[in-house]
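Residues per chain are reported as follows:
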Amino acid sequence: MLLAAPAAADPLEVKIGVLRQVHSRETVSLLDIPAADDFVAGAKMALEDNNTTGRFNDQTFSLLDAKVGAKEDPAAKMDAMIAQGVKLFVVDLPPDQLLAAADHARDALIFNAGAEDERVREQDCRANVFHTTPSRAMRADGLAEYLMWKQWRRWFLVVGSHPDDKLLGDAYVRAARKFGAKIVETRTFEDTGGGRRSDSGVVQVQRQMPVFTQKAPDYDVLIAADESNVFAGYLPYRTWDARPVAGSAGLMPTSWDPSHDLWGANQLQNRFFKSFRRAMIERDNQAWTATRIIGEAVAHSKSADVQTLRAYLRGPDFNVADFKGTRLTLRPWNQQLRQPILLTDGRTTVSASPQEGYQHQVSELDTLGLDQPETKCKLP
Amino acid sequence: MQTSLIPYALIALLAAAPAEAATAYVTNEKGNSVTLVDLEKLVAVKTVEVGQRPRGIVLSKDERLIYVCLGDDDTIAILDAKTLQRVGELPSGVDPEQIRLSPDGKLAFVANENDAMLTAIDLETRRAISEIPVGVEPEGVAVSKDGETVVNTSETTSMAHFIDWRAKKVVANVLVGARPRYAEFAPDGKELWVSSEVGGGVSVIDAEKHEVVAKIGFEVPGLAKEQIQPVGIRFSPDGKFAFVALGPANRVAVIDVASRKPIKYLLVGQRVWQLALTPDGKYLVSTNGVTNDISVIDIAAEKVMKSIPVGSFPWGVAISSQ
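Chains D and A supply the protein sequences, listed in that same order. Counting in my numbering, the first sequence runs from 1 upward without gaps. Counting in my numbering, the second sequence runs from 1 upward without gaps.
Keep in mind that the hints are not guaranteed to be accurate.
Mimicking DMTMM-like on lysine to aspartate or glutamate, the simulated pairs with C-alpha atoms at most 20 Å apart in a straight line are [unchecked claim]:
1. K274/D / D238/A
2. K190/A / D238/A
3. K182/D / D218/D
4. K169/A / D58/D
5. K30/A / D58/D
6. K215/A / D317/D
7. K166/D / D73/A
Quick caveat, the hints were computed from the structure, so don't treat them as lab data.
This is chain D alone, in the form it adopts within the complex (with noise of 0.2 Å):
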């Protein structure tokens, strides 16, 4: 090899513990049913990439990978990984499993890539929980910024009936409160039960999604809240009304899409297509992004200590590029990772928010969800 060699005899180690659910393979659309290196595979992307930066500082990074079953207690796997020397965890699970493994090991920082829960970044927010993947009312808030420029101001909100649903729709409620949008009608999306996939074609629902959405007040756009993915995919060229649909199906606030080429990010789908042979959907750049983080506290405090690590992302040198048009940045106050919220037609990106005209005296990013004078989180 031409590169230079290490100065120190003993390379700095970091070891990373992936903690994940396994989400459901019951989705809409085909192209959703998760991979079987859902999320890890991100991580390791990220790995690729601190190890390669790490080269060049004397640091190796390290992944270890276990699944959590729903209901099961994070801490006999994260012990296992303790064992190992692992203090970081990067973790896609549901808020009670992400909190329960946050009080498990608290000299850990733990690396929220998955709940979108307010109350985990609020009123139950731990020190040792760094959130980068953004929260509902972050991504209510994006795509209510461009509805408004838009001047689509009349929505029709259609929410699924399970707890998740109900949390993404309050967030449209609070979303369109915020920014001056109406909801001319709330209506309630039962989920019968029954498998996503038929032999005997769209018959049902191309009959039952005009049924359902008939008979609405004058609206402009149909707001879809499905976080349990059971019928807002089904609601695009099926309203009764012809009206754009958008939230869970349609146009679709996220912060990734495996169609996202703006900013530099063809270069990670390529990189990424090239290691794991499939899209990186957003789980994976959640994961991959919270992988980087760590990535970059290392390497610039040269330690592979908690409390040098928490340290440097509250601080003020800290900032991470992801491929979202702007340098992403830490809110001090609950540790939730600032960025733009992409809005993806899942073929193109039609716009990024913050949408431009809504000022904020420290960052226009802190338009997106619960901003400092309104949170319930208090650190120490």
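Fit chain A to the known structure of chain D by using the hints.
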């Protein structure tokens, strides 16, 4: 009436006319074209199609050829500077973005973002002669005046890699701000300046000790710090001033090199990418990606004197003395 108008017209002409002839070649990233701008008359002369996604552009030492990185064609086109006809290609690897020549004009250095390599191409044989592994997503390239040191910046690794060109060996890796996009040696060769697009500043590196000796930040009243994304850097020939294109801040910063402080922000078009100086050192040209124009800046007056429309999404610029 007429007699009184003539003197004014003459004065205006005198003020606007550069002392020497010069031609700017501007790549239009989305226009898939190069626009030729007469910097004496300050008009775009013609725009020709060159291939997919042209960005980095450089003139051969004798100014007879232009090399244009065509990212989506995975090649570097060689154009005749007079006719803008394609006369050949260089083996760039996948998605070339920036290209720099050695001071003797014999070698071209190109970063290959996809395989983390810096490639050197012999311009006479048009063949790649060596590859050196660097960081993730290598991007900017700078060559010292004596040609002994080649520096490459890697975007995701956030480093400037110093390569001893004779030994073909990386001798130092200097950590800088996030997404280092462009590197430029000061005219005296003692310092290397690296812009960090995401980090929002410029790292000043001692070229001998390989240490960051200063970090220059930018503050523009009324602009969020996220909007300040430095890319192109140029020095005045006397080395007293540096110019930094600030991306979506729509400004070119003028930096007093001695104090390392920004002394002025010149408002140009939107999303300013790259900069180039006229050979007489009097004018600076900036490419403005979103407004589809270039700004011509009078350096002594510290003023933007004209915006000239070019093609769609201008990105790179090279200026010849012809």
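| request: Against the earlier hints, flag every one the structure doesn't satisfy and list their numbers going up. | output: 1, 5 and 7
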